[in-house]
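Colleague: Sequence:
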Amino acid sequence: MAPPVRTATRGERVEHNRLLRALPATEYDAMRADLHDVAITQGAVLCEAQALVTHVYFPQRCVVSLLTPVDEGPAVEVGLVGNEGMVGLTVFLGGRLATTQAVLQVPDGASRMTAAAFRRALRRGPALPALMQAYARTMLGQITQNAACSQRHLVGPRCARWLLMAHDRVGEDRFTLTQAFLGQMLGVQRATVSMAAQALHTLGVIRYARGHVTVTDRAGLEAAACACYDVIAADYARAFPRAAE
1 MAPPVRTATR GERVEHNRLL RALPATEYDA MRADLHDVAI TQGAVLCEAQ ALVTHVYFPQ
61 RCVVSLLTPV DEGPAVEVGL VGNEGMVGLT VFLGGRLATT QAVLQVPDGA SRMTAAAFRR
121 ALRRGPALPA LMQAYARTML GQITQNAACS QRHLVGPRCA RWLLMAHDRV GEDRFTLTQA
181 FLGQMLGVQR ATVSMAAQAL HTLGVIRYAR GHVTVTDRAG LEAAACACYD VIAADYARAF
241 PRAAE
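Using full-length UniProt numbering, you'd call the opening residue of the sequence shown number 1 and step up by one each time.
Since the hints were derived computationally from the structure, they do not count as laboratory data.
Any given hint could be a false lead.
Claimed, not checked - Across the chosen pairs, the derived CB separations fall in these ranges:
| hint | residue 1 | residue 2 | range |
| --- | --- | --- | --- |
| 1 | Gly43 | Leu97 | 14 to 24 Å |
| 2 | Leu140 | Arg207 | 27 to 37 Å |
| 3 | Pro129 | Gly204 | 41 to 51 Å |
Predicted, not measured: the structure shown is a model, and the values here were computed from it.
Just so it is clear, CB atoms sit at the ideal spot from N, CA and C, and this is done for glycine as well.
Construct the complete structure from the given sequences, taking the supplied hints into account.
Modeller: Written out as structure tokens, the structure is:
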């Protein structure tokens with residue numbers, strides 16, 4: 001089970017992003033002038049695949065899908081980023097072009113800074129590079145687990161896993177999510193994801209109405225999800241043990 005979302009106050013700022021919250025006060029304060037809060041709408045593209053990365057994003061309560069374009073059909077989701085991480089990991093890895101398209105799925109706020117400012121922050125202190133290295137490892141694990149999951153598991157358990165991961169990152173029981181978006185994330189037709197969502201609704205673990213999902217039974221949703229959820233959550237807990245306390 002993933003750690004619950006907690007908040008901590010840094011001066012007058014309430015920080016929901018776990019990477020930023022884990023920074024020592026000196027490094028965090030040095031970054032604050034370059035961090036700007038932005039409200040992002042559902043479906044907004046933060047960066048296109050193979051485009052120059054001009055900004056990095058630290059989600060506060062939003063959820064971002066990382067998509068890989070394919071020659072035929074819609075793009076395929078390979079990873080999910082929320083308040084545990086950052087969008088623009090390629091900048092940390094020394095690249096300048098995005099390897100995936102980043103699309104906002106669950107709307108809310110994020111903190112944004114320019115790629116140049118982020119590179120300066122990496123040079124300033126030891127904590128940020130260490131945190132980013134740990135996060136990069138967890139993202140690699142998530143991407144590889146997602147690849148196996150999409151090939152081996154049925155849509156219903158995969159749908160439950162995706163909703164759990166979104167629930168962890170939003171930190172609230174009710175969040176915005178359309179069936180069209182969820183179908184794209186799972187790589188299935190809207191009718192298929194509709195049946196999966198209806199099955200979860202019948203189990204009493206979620207309510208779904210007018211583009212909003214409400215998690216009504218967290219334990220039941222975990223029981224309905226495939227084992228990939230626990231694998232991904234455990235990997236994060238090992239990388240960031242303090243966040244799991």
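Colleague: Against this structure, judge whether each hint is valid.
Modeller: Taking the hints in turn, this is what the structure says about them:
For Gly43 paired with Leu97, a C-beta distance near 22 Å keeps the hint of 14 to 24 Å intact. Between Leu140 and Arg207 the Cβ separation comes to about 34 Å, which falls inside the hinted range of 27 to 37 Å. Pro129 and Gly204 have their C-beta atoms about 45 Å apart, which keeps the hinted 41 to 51 Å range intact.
Every hint, counting from the list given before, is met by this structure.
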